[in-house]
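Build the full structure now, drawing on both the sequences and the hints.
Number of protein chains: 4
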Amino acid sequence: MPVSGRRLRLGMVGGGQGAFIGAVHRYAARLDDCYELVAGAFASTRERSLASAPALGVPEDRTYGSFAEMAAAEAARADGIQVVSIVTPNHLHYPAAKAFLEAGIHVICDKPLTTGLADANALANVVDQSGRVFVLTHNYTGYPMVRQARAMVEAGELGRIRTVQVEYAQDWLTTRLETEGQKQAEWRSDPVRSGPGGCIADIGTHAHNLARFVTGLEVEALCADLARFVEGRVLDDNVQVLLRFRGGARGALWASQVAPGNENALRLRVYGEKGGLAWSQENPNHLRFAPYGDAPRSITRGGPGAGPAAAHATRIPAGHPEGYLEGFATIYGDAAELIWASIEGREPEARARLAPTVRDGMRGVELIEAAVASSAAGAVWVDLPP
Amino acid sequence: MPVSGRRLRLGMVGGGQGAFIGAVHRYAARLDDCYELVAGAFASTRERSLASAPALGVPEDRTYGSFAEMAAAEAARADGIQVVSIVTPNHLHYPAAKAFLEAGIHVICDKPLTTGLADANALANVVDQSGRVFVLTHNYTGYPMVRQARAMVEAGELGRIRTVQVEYAQDWLTTRLETEGQKQAEWRSDPVRSGPGGCIADIGTHAHNLARFVTGLEVEALCADLARFVEGRVLDDNVQVLLRFRGGARGALWASQVAPGNENALRLRVYGEKGGLAWSQENPNHLRFAPYGDAPRSITRGGPGAGPAAAHATRIPAGHPEGYLEGFATIYGDAAELIWASIEGREPEARARLAPTVRDGMRGVELIEAAVASSAAGAVWVDLPP
Amino acid sequence: MPVSGRRLRLGMVGGGQGAFIGAVHRYAARLDDCYELVAGAFASTRERSLASAPALGVPEDRTYGSFAEMAAAEAARADGIQVVSIVTPNHLHYPAAKAFLEAGIHVICDKPLTTGLADANALANVVDQSGRVFVLTHNYTGYPMVRQARAMVEAGELGRIRTVQVEYAQDWLTTRLETEGQKQAEWRSDPVRSGPGGCIADIGTHAHNLARFVTGLEVEALCADLARFVEGRVLDDNVQVLLRFRGGARGALWASQVAPGNENALRLRVYGEKGGLAWSQENPNHLRFAPYGDAPRSITRGGPGAGPAAAHATRIPAGHPEGYLEGFATIYGDAAELIWASIEGREPEARARLAPTVRDGMRGVELIEAAVASSAAGAVWVDLPP
Amino acid sequence: MPVSGRRLRLGMVGGGQGAFIGAVHRYAARLDDCYELVAGAFASTRERSLASAPALGVPEDRTYGSFAEMAAAEAARADGIQVVSIVTPNHLHYPAAKAFLEAGIHVICDKPLTTGLADANALANVVDQSGRVFVLTHNYTGYPMVRQARAMVEAGELGRIRTVQVEYAQDWLTTRLETEGQKQAEWRSDPVRSGPGGCIADIGTHAHNLARFVTGLEVEALCADLARFVEGRVLDDNVQVLLRFRGGARGALWASQVAPGNENALRLRVYGEKGGLAWSQENPNHLRFAPYGDAPRSITRGGPGAGPAAAHATRIPAGHPEGYLEGFATIYGDAAELIWASIEGREPEARARLAPTVRDGMRGVELIEAAVASSAAGAVWVDLPP
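Protein chains in written order, with our numbering: chain W, 1 to 386; chain G, 1 to 386; chain P, 1 to 386; chain C, 1 to 386.
Hints may contain errors.
DSS-like mimics (lysine-lysine), calculated; alpha carbons at most 25 Å apart, straight line [what the hints assert, rightly or not]:
| id | chain 1 | residue 1 | chain 2 | residue 2 |
| --- | --- | --- | --- | --- |
| 1 | C | K183 | P | K274 |
| 2 | W | K274 | G | K183 |
| 3 | W | K183 | G | K274 |
| 4 | P | K183 | C | K274 |
Pulled a few chain C residues facing chain W out of the computed Cβ check, cut under 10 Å [to be verified]:
| id | residue |
| --- | --- |
| 5 | Y27 |
| 6 | N125 |
| 7 | V230 |
| 8 | E231 |
| 9 | N262 |
| 10 | A278 |
| 11 | E282 |
| 12 | P308 |
| 13 | H312 |
| 14 | P317 |
| 15 | P321 |
| 16 | Y324 |
| 17 | L325 |
| 18 | L384 |
Bear in mind the hints are in silico, worked out from the structure with no lab data behind them.
For every residue, glycine included, the Cβ atom is placed at its ideal position computed from N, Cα and C.
Listed below in structure tokens is the structure:
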């Protein structure tokens, strides 16, 4: 993992006091020393934005009360930000990203892409027309052993894929936390800010994207059974989905926020004609690989059997665990390389092309809409766009 | 686990040379010293049956060439068998069981119950009319920690159940083993002997029964996607099923015989309003229990937190693993108690009532038929009988 | 694992009501159907012996009040026992074994061999002179993956062994259980019945024997620090030992009965020039093998990479766990083969030669005496006999 | 884990191209945004130092060819460094630390403290006289669950400690890597740069310090058996040590760099009268806690049962793993708090007092010297200084 020694000037929309994911983005931006945070619209008023700025080292004159104001002001500065991180609730992703892209500023955006497919399509067009880099932080694809898994599938070590089991289980919404003043729970359970999907959007999309990333397969059709187990909750909190992939593979996706004993139990298992793979986010430095007819082995980050795809996402030797922030930082590192390549008018390094794109984001929104539609119709099969 | 010191006279149908499950039944019958094998129709000709008898200690004059002959002859003896184990391919379960029940002989029968629902219903009637004990060897319910799990759900330690994830993954049919002379693969992949379900019948029913046993819930409707991944294979080898349980719980069942790196990976996870449970057959002496809001704990067979339901199925102290044969033997122990109670005209001990019944077998056949029908119609929802 | 179809006539000394290990021996004897229990001196008076006999199916006229009486009476019968299991407290192993061997009866004896080296030597002489089979139930060597490990070391897959870490941790004596009427704790903490070693004798010898069995190495010298942590306890309850093996390997042995959270945590790790192995008794169906420079793999009982040594100790397919009773039964199976070979005047099958011998028992007693002497002298180095 | 928003001006000695630990220190310094690297003597000549500086963002005029030059020049600047990280081979720790401390600059220093006890004592005096902060990067004490473990022991949840098993196993020196141009292996196997201990100094001290940190106990005496298994190697590569702690606890320490299949397998187990704890560095977000008589539980970073000591070392929610860099960064965060408190003339926050001190470093050097002396005398007991 090269550290460049030069930093991109970074702004941030959202991520003020009380937010969770904004701090994660800042850790990720800082870890490999590719960014310097110099501006922000950390909240929806300038006053509240200013309350967060000092501890983040952002000067008052570059602290804004809205993304629109910030995009305009920063675009006008000679030392304006080169890239912005958008870490707001979902419904603001589209307008904020649009504002910065149209101002010529590269964008790193949290997932899911948008609250609906219309916005997603519109955003994809804006990205295309802008010529700017747009990276979506499906951060789990930044884990070294996830990249290793993808490389192994791509190299044919599993043969043709037959079955994909993916799941993401949590328990933090086992009770009705959203009415108890917990900020994360509150907006995630509000359709206006989150969109029509609850659990399916918040974590189901991570599971879906992880499966796509590793297998290279796209979902052709799904049959989704969304449940709301906690009384009074508006959006789904438990999701079971049957998946059919283009090319014939079958799969199942389970996402739940009401599964006691699960913290962030994102787990992927892929089985092909020649072998199987299993990976778990909570113990991410290992990849179980079972070549059919041979003893299953544990490939570790940095250890024997781990190839260049993993090495590019690795900072420290085998046996010293890297975690969530490191995986997230790899996405930021990829984004930095894409942005520098854009600035310098050159091709980016191959590894940086693995960073999630606006198209990956569209796939996620398609999943949400299809799942919601499927479930609303009684859990029937719904085709996904080609 | 009491050992009685007296043995039931046992016969066996099937289980001759080359068979797998017959030997398992004999281990199970022997372990707790409740049975003595004294007669058998180990194969479909007397000659081949005789080839197996000596090593099993069965005298020539009680070695038979057919179950019909055996039922008649044994029923006529003063020292005739009291109970028979039926360990044939599925299609013979019904006629064989019928013959013995009608001869007044108790029956222990391998699963699935029958190859179709008509036979299953008929067999249930025969059982009812016979007044004899009929135990189906859904052996995984004999594991101590499975009984512990059931007791905890029953006691309300999980609250109302919301989600059930159950799976049974194997890899032994990753290639087309059934054409390579492997006897187990051969009959299991033949609809005449196995019935209309492949993987769903062979191991999906185990997963289904385990979920029912632990949760006490019945499946109301399912949506099943059955696949045949190995070219030329007639029956399904990979199954993904959405489940809706009576009372509102949701679930998913995955069974596969083409998942490299899985041997007998039967795994159940149950989540309720107040807690979650997880159990895995390959490491069966532990039960993970996560009371919501508290640290997850590992309850071990014989260790702190394990109650009487587990203790009744336990032979040796904590930390000395009991395995598959012991769990299977517990079913045989329960059957022995039921049979002695029947012989002695008394109520059996409570624990013995946990032994799987012909009704459990019917539920399994209903699952198979519903899954096959669902999948044939494009993986649509199918209601199960009430 | 062949089942012969013929049974050796077995007697038992000890193992009456309230005993633990006697029942285990009976399970082990029964599992593979190589023995029939027909006589016993289950307790030290005939009256108490008779109280246990009926439930064990032993007739009154073959129930004895002492081993001496039993040896004499059974030797005089045409249908007398061919083999006896000695499952008494340690101090009776020698006189009981001597009585039966001198009566021409083969012996299976629990460990440790004796309470002192003088008795051990004397017993070895008796065995040699008797020409009878003597098998010591160091049962952990009967686990399939332990046999696999031994075979791999023997085949040179680890290269020359450098380091051996072995441990056996329990927690059942964390408090002073021996004064609370617990029978197992009581005699094990009494030097008269147990000998001079507590924890070192009861479980340290198992750890030591496991290390010897797998590596083929003998301890040349040791430095032992024995502790008595529970006030009032006479014998050691926690033992740390440095080991030097002949040939240059080094090792450490830890045994404890006061380590909360450990049930029967017997664990062995062996490291050589070319690779490492790790095995744990509580999850015994797996063996971790790390060839240096390659990804570590999990070899499972019955799975890819498991060879004939494991297969001979295996009853059921991979993924269906075998446990403690099965491993114990393998020792009984080996003993049966040795006894039949002796009766028939032929060479036994090779696998049966793996059964622990009186020499293995002597090594254990040497360990105990050396450890006690070392510790008494302030934990100094003590050489073991060559 | 608060991020202050203001950065200490940091210099670095060592850590140029090809070094390993220097990069780790920089990650750790950057993660929580408490430091800015502004000067360095990255190598032992100015030319080689300059080769590393640009990628680290250090200007040419603050890039030095020796620590002495750097200490003098930086102390003379108004904007000179406030703190220096010393990441050289061991033999330079003392002279470098002395130079900066005497120049009034705070010091963060890699472990082990020095190559000998004379230097260690001298350095402790320099620290005391300087009034400056000195933090030793025994980084494993920065893991949240290690702090949790310490807090639980301190709170008496284990009762009086009886037994401590600690180990640190690696395999990277299984062959003679030090002669193959591997820079890390080269200096670590050279007594001039490493001191008299090899494995015992490099990783044995980590294990020792971890045990001290968690239990609060000091080693009273040890008996060490040091081995050199790889032919031609000068220093020990495998170490087994018996430990006696003040107050009566016993323990064992195993450290090895020749144990194939181990990457950085640092593992601690502590057993007391009332319970046991187990922690493993390779999966550091969990702590196993077994209260005697109750089911063992898994306490996770951020999950139920984790207290304020863990929370202070935590950045992100439960289930999203934090790893080695995060734990290392916690030490840097503690150091920053200590330094700011020193600058501001106030008491530091309590949590920062957990940072390892020069006294901890002396304990480590005492361990090395005692172990080397013990082993040289044939593995005899050696007392440690009080």
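Item to check | Holds or violated: K183 (chain C) to K274 (chain P), with C-alpha atoms at most 25 Å apart | outcome: Answer holds: K183 (chain C) to K274 (chain P) is near 23 Å, not above 25 Å.
Next on the checklist: Given L384 (chain C) as an interface hint, is its Cβ closer than 10 Å to any Cβ of chain W?
Outcome noted: 29 Å, violated
Checklist entry - If you draw a straight line from the CA of K183 (chain P) to the CA of K274 (chain C), is it 25 Å or shorter? => result 23 Å, holds
Checklist entry - Hey, does the P308 (chain C) contact hint survive, CB to chain W under 10 Å? => result 19 Å, violated
Checklist entry - Any CB of chain W closer than 10 Å to the CB of H312 (chain C)? => result 16 Å, violated
Next on the checklist: Next item in the hint list is E231 (chain C). Is there a CB on chain W closer than 10 Å to its CB?
Outcome noted: Where the cut-off is 10 Å and the nearest Cβ of chain W is about 23 Å from E231 (chain C), the hint is violated.
Checklist entry - With a cut-off of 10 Å, does the beta carbon of E282 (chain C) approach a beta carbon of chain W closely enough for the hint to hold? => result 6 Å, holds
Next on the checklist: Let's test the interface hint: is any C-beta of chain W closer than 10 Å to that of L325 (chain C)?
Outcome noted: 7 Å, holds
Next on the checklist: Just to be careful: measuring from the Cβ of N125 (chain C) to every Cβ in chain W, is the smallest value less than 10 Å?
Outcome noted: Status violated, d = 34 Å.
Next on the checklist: Would the hint linking K274 (chain W) and K183 (chain G) be met if the CA-CA limit is 25 Å?
Outcome noted: 23 Å, holds
Next on the checklist: Checking one constraint from the list: CA of K183 (chain W) to CA of K274 (chain G), max 25 Å. Satisfied?
Outcome noted: 23 Å, holds
Item to check | Per-residue hint verdict: N262 (chain C), partner chain W, C-beta under 10 Å | outcome: With a minimum Cβ separation of about 7 Å from chain W (threshold 10 Å), the hint on N262 (chain C) holds.
This entry does not satisfy hints 6, 7, 8, 10, 12, 13 and 18, going by the numbered hints stated previously.
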